[in-house]
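For this one, chain A is given, so just place chain B on it according to the hints.
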Amino acid sequence: GAVVSQHPSWVICKSGTSVKIECRSLDFQATTMFWYRQFPKQSLMLMATSNEGSKATYEQGVEKDKFLINHASLTLSTLTVTSAHPEDSSFYICSPSQGEGTQYFGPGTRLLVL
Amino acid sequence: DAKTTQPTSMDCAEGRAANLPCNHSTISGNEYVYWYRQIHSQGPQYIIHGLKNNETNEMASLIITEDRKSSTLILPHATLRDTAVYYCIVTPGNQFYFGTGTSLTVIP
Numbered sequence: 001g002a003v004v005s006q007h008p009s010w011v012i013c014k015s016g017t018s019v020k021i022e023c024r025s026l027d028f029q030a031t032t033m034f035w036y037r038q039f040p041k042q043s044l045m046l047m048a049t050s051n052e053g054s055k056a057t058y059e060q061g062v063e064k065d066k067f068l069i070n071h072a073s074l075t076l077s078t079l080t081v082t083s084a085h086p087e088d089s090s091f092y093i094c095s096p097s098q099g100e101g102t103q104y105f106g107p108g109t110r111l112l113v114l
Numbered sequence: 001d002a003k004t005t006q007p008t009s010m011d012c013a014e015g016r017a018a019n020l021p022c023n024h025s026t027i028s029g030n031e032y033v034y035w036y037r038q039i040h041s042q043g044p045q046y047i048i049h050g051l052k053n054n055e056t057n058e059m060a061s062l063i064i065t066e067d068r069k070s071s072t073l074i075l076p077h078a079t080l081r082d083t084a085v086y087y088c089i090v091t092p093g094n095q096f097y098f099g100t101g102t103s104l105t106v107i108p
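Protein chains in written order, with the numbering used here: chain A, 1 to 114; chain B, 1 to 108.
Calculated from the structure, these hints are not laboratory results.
All the given hints hold, so there is nothing to weed out.
So the derived list for chain B, only partly shown, Cβ under 10 Å to chain A, looks like this:
hint, residue
1, 32
2, 44
3, 49
4, 95
5, 96
6, 98
Just so it is clear, CB atoms sit at the ideal spot from N, CA and C, and this is done for glycine as well.
Chain A with its partners taken away, still in its complex shape (with noise of 0.2 Å):
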């Protein structure tokens, strides 16, 4: 299968601040980058989509202005997420793709905001 990074693997930060999560494609270049989060004992929750050199498409009742995607090359994008709050503690998961086809999935990056 694909190799997939994430970076950090887990991060600890303070409410407001803003944490960046790098995903990388390691061995294909990703034309579509989808981002997804999980909450504790739930299910994954596809937050949205990016295709390389666009604007991301979010799913409803995600933010774009709080989760700021950036698909700037095809095998790199982040994911910000702004101004963070305990609730915006998580798992997030990307998943890099060549468009359609068989999905494979990063390691996570957790993140607890205190």
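Just chain B, lined up with the frame of chain A:
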């Protein structure tokens, strides 16, 4: 939105086959059945997928009914490391929505 129904949890004895069912009665003709699993605090891991025919790989077998309204993932010889949440997803291949999955516990 997830279009699958799976049992919430299942147990399986180590060394025995684990059979995980999934109902997807509203599946469309162009949608595949994908299976992933998620071990605690990790990203989902791809297992197998199929369209109409049964499929087998080194990890598992996928049995899809003829009407395609349900499928079964088979782990032939479950080990303790197979304890995870297993997700069945139907998709044409461009977006993957996760349901609640089945929490499989392999018992020694």
